[in-house]
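Engineer: Below, each chain spelled out in residue letters.
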Amino acid sequence: ETGVTQSPTHLIKTRGQQVTLRCSSQSGHNTVSWYQQALGQGPQFIFQYYREEENGRGNFPPRFSGLQFPNYSSELNVNALELDDSALYLCASSPDPLGYGYTFGSGTRLTVV
Amino acid sequence: KNEVEQSPQNLTAQEGEFITINCSYSVGISALHWLQQHPGGGIVSLFMLSSGKKKHGRLIATINIQEKHSSLHITASHPRDSAVYICAVSSSNSGYALNFGKGTSLLVTP
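Line order of the protein sequences matches chains A and B.
By this note's numbering, the letter at position 18 of the first sequence is numbered 12, and the numbering carries on one by one without gaps.
By this note's numbering, the letter at position 42 of the second sequence is numbered 45, and the numbering carries on one by one without gaps.
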């Protein structure tokens, strides 16, 4: 399977709720990173997973958490949603932790009301 | 944190013009990426480079490691080149995660 697939494409949640975003990476891509892109801004690094272990984290609170599975899929979970969490969430996968050969998904647009 | 600055923020060009987008960063890197983002969000990786110059079709990317500067050039621009172009860098002290610039919004008019 080629490419990175993210689901859902769009999502509306209420403040205080919890959300799970999903990413399906290419076979063999053992590194996955998640990014948050607010409107008009460049993406900001949330965290990175390598072989199912978190190996890097950006400046995001603990209510942002993730998982990576052996089948190259991963999840981003956000608890206690806030209005400022409204953004495009991007997943990027790579066949190695040095970041060579990044492939990006099309993103999930999350709106918190 | 590696500060990544792009210029210009917005750019309008006429079809056929030669376009240059610039990127500068503040600390040493392992690689620099040029990415293209169309409305709706999807990001496409255009180039990854750590030295010298790369060319793909009408796109050329250069990097000067000593000056901590990279440029993306588009020759014979076309309206379909209209998109946001983003520079991102990775380095060992950030765990190789990408640190992005804010992007350059390019509009090419017929």
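To be clear, the hints were calculated from the coordinates, so they are not data collected in a lab.
The reader is advised that the hints may include incorrect statements.
Pair ranges (Cβ atoms, derived) [claimed, not checked]: (1) A:20 <-> B:63: 25 to 33 Å; (2) A:71 <-> B:72: 33 to 41 Å; (3) A:56 <-> B:72: 21 to 29 Å; (4) A:90 <-> B:78: 27 to 35 Å; (5) A:35 <-> B:95: 34 to 42 Å; (6) A:56 <-> B:18: 45 to 53 Å; (7) A:90 <-> B:54: 38 to 46 Å; (8) A:32 <-> B:48: 19 to 27 Å; (9) A:57 <-> B:33: 27 to 35 Å; (10) A:94 <-> B:72: 20 to 28 Å; (11) A:20 <-> B:25: 28 to 36 Å; (12) B:78 <-> A:35: 23 to 31 Å; (13) A:46 <-> B:18: 43 to 51 Å; (14) A:20 <-> B:70: 29 to 37 Å.
Nothing here was measured: the structure is a model prediction, and the numbers come from that model.
Quick reminder that beta carbons are idealized off the backbone N, C-alpha and C, glycines included.
Engineer: Taking the hints in turn, state whether each one holds.
Structural biologist: Consistency of the hints with the structure:
no.	hint	in the structure
1	A:20 <-> B:63: 25 to 33 Å	holds (27 Å)
2	A:71 <-> B:72: 33 to 41 Å	holds (39 Å)
3	A:56 <-> B:72: 21 to 29 Å	violated (37 Å)
4	A:90 <-> B:78: 27 to 35 Å	holds (32 Å)
5	A:35 <-> B:95: 34 to 42 Å	violated (25 Å)
6	A:56 <-> B:18: 45 to 53 Å	holds (49 Å)
7	A:90 <-> B:54: 38 to 46 Å	violated (19 Å)
8	A:32 <-> B:48: 19 to 27 Å	holds (21 Å)
9	A:57 <-> B:33: 27 to 35 Å	holds (30 Å)
10	A:94 <-> B:72: 20 to 28 Å	holds (22 Å)
11	A:20 <-> B:25: 28 to 36 Å	holds (32 Å)
12	B:78 <-> A:35: 23 to 31 Å	holds (29 Å)
13	A:46 <-> B:18: 43 to 51 Å	holds (48 Å)
14	A:20 <-> B:70: 29 to 37 Å	holds (35 Å)
Violated hints, in rising order: 3, 5, 7; the structure is consistent with all others.
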